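With chain A fixed as given, assemble chain B onto it according to the hints.
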Amino acid sequence: MMVETHLRHVATMLLESAIRIAPPDTREWGQAMRGELSYVEGHWAALMWAFGGASVMAKHALISILIPSRRGGISPGDELFAKHVSLGKAALVAAVVCIVAALVFFGAPPFRQAFRVAMQPWTFMFQMASRNFQPGFDALAKRAEEQHDPEGLAFCAVRLERPGESARLAEEAVHLDPNLIWVYAVVGMRHLELPQTGQWMARLEQWDPRNSLFHLIEAESIERSHLRHGVWTPPTRDQEQAWLTAMAAAFDSPRFDDYLDRVAELTRKVVPRYGFYDPYEVQSREQLDLPVDTLESSVRFAKSLLRSGEDLEAKGDHKSARGKYWRVARFGQIVDSQGRTGFEHLIGTSLQALAYRQLEASSEKEGKQSEAALFAYLAAKFDPFTGEHPGFPGESAFGLETARRNAAVVQISGLMILVFSGLLVIAAAILIAGGSARRRARPAAQRARPVATMVLLSSGAGLLFSSVTLYLTYRPYWYIFQSAIQNGGRSQARDLFFFLNDTKIPPGVSPRVDLLLHSLLYSGSPSFLFYVWAGVTLLGVIGLVIILLRHFRGRPSAGGLQNHPRVP
Amino acid sequence: MKTPRISPETLRVLESFLRHPTDWHYGYELSRETKLKSGTLYPILMRLEKYKLLEARWVATQEGVPPRHTYRLTPNGYELARTQMEEARPRAMVRQPAFCSG
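Protein chains in written order, with this note's numbering: chain A, 1 to 568; chain B, 569 to 670.
Because the hints were derived from the structure by calculation, they are not lab data.
Pairs of lysine to any residue residues, derived as SDA-like cross-links and limited to a Cα-Cα distance of at most 20 Å, are as follows:
| # | chain 1 | residue 1 | chain 2 | residue 2 |
| --- | --- | --- | --- | --- |
| 1 | A | K59 | B | G607 |
| 2 | B | K605 | A | L14 |
| 3 | B | K618 | A | A61 |
All figures in this text were calculated on a predicted structure; none of them were measured in a lab.
Pulled out of the complex, with its shape left as it was, chain A reads as follows (with noise of 0.2 Å):
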């Protein structure tokens, strides 16, 4: 009994709320809507008359807002009689202004650059059926040799995954400016395999001695030679000794430059002069990539270094041992100090804590506890778990979890943007038909009208709304790109390649899932994950084609007065 009394006075409320908002030359109507609102018989057919009342008050406040010369009320007309006429024309002109709205949105760079992200897991599977992921860098590597641009072939060399292509390019790059010299370091970083390695080492030795990076990159092609076809041959004793001078030189060497300070100034000047505007090739792929597999050898002959150092103490020569110790802390600060990326700061730090530790046992083991305390405050101060200096900087200001919720927000939003097309292409050809079909009275495409002009505004609603949704979550990456670009900005860089990383994964799909559909992909069918959003796509097609079909069946004819058949 409470609830229905309840349900009355909601509709009664509903109702006066809907006067309220109503022009004043319909209010007369409504408040006869809400005479009639205490004769209805039944709560909830009072709350339906009561919902049909509001949504004729907010009909007529819409036109009043939307058409403002149809404040005074019903302009005459042919269409006098016609039901849907005035709430037709005012949606069609909202969903215009809608639509138009969404459309501007188009000519602003960061939207484009924001829909071309969305758009990225679509993207990636076209990708991956044509086994070309790069596909941007034909186009541009093309132009930069038909315009002998140095810097544009170095770019391209830098960053292309072939690596033949990669070394053709950084080779006609240093030929035509030999400036570029530094290109083959990146390259060879990024390519062990390559035949080249060794000689281009050689020069590069010959260019910047005092750099330890080319004797990291010559002791990691030396290991990657042991594996050949996936099979690991054990080194020969020329090959272990050529690997032992290659690390004792790196750990002798005073610098340590991967040189990604040129990479991001060569990209500062390329992108802009090709308009190569893809944050995915652009910036992701610069922090973490390069040096990872070059350091990690560094520290399989630091721990051999230490254990060395152990040795020499178990025989009482504490000297030699300490100097051990401190040609690997030394290593590892250098890395620390000069390194830019987070990876190279993990392994610095590393080697220094580990480095620490063994002084701080060997002073202890002497007695010298006073040092003992200053090497154990330092362990713990280059700890990369614990300690002041963590591994990864901190540039990560929104967190991982930011940055996959916006990377759902601009996939779904570029979704809906997609599919509000699709919908306002089918409502505008539906009204366009109907509008050819009133001449010849053709009365389905007629009846179809209403519906259509529906779909299309709340399309055009929702094209708006999720432009306006896309824009202004990628907004605060747009300018972490942009800074990145113009200034050579590295603060936020962790966010923006958190968040590219994440919008590679289609919507829904946990990143578990997704390595379990990439390891599908590249065993099995290359095609797999295109066909099953395919499949979804056009399941969903069907389902929607089978819908209007129904309604356009299942509704009565125009022709209705067959059920009144006791007209005088």
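Relative to the frame of chain A, chain B by itself:
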């Protein structure tokens, strides 16, 4: 004079008025007779009244209850309703709804 286009719902309302052309009708009563919801019925009544085909007045009822709006066809409205119903009758007999079998 140009004959305005009439929607099936409007014809239902006119048909209801023609049953007792001189009587005053309440909105809820018309809604029950025509089976039209308030959101459909009232825009039709508003248009008919706007073009002087319908007259409306307020009727006070019991105290504490809002007055009621009642409606009756004007002479012009009556003529138009009769003409429209005469025209609609033969059309209704020959037209078949699209997509309907049989």
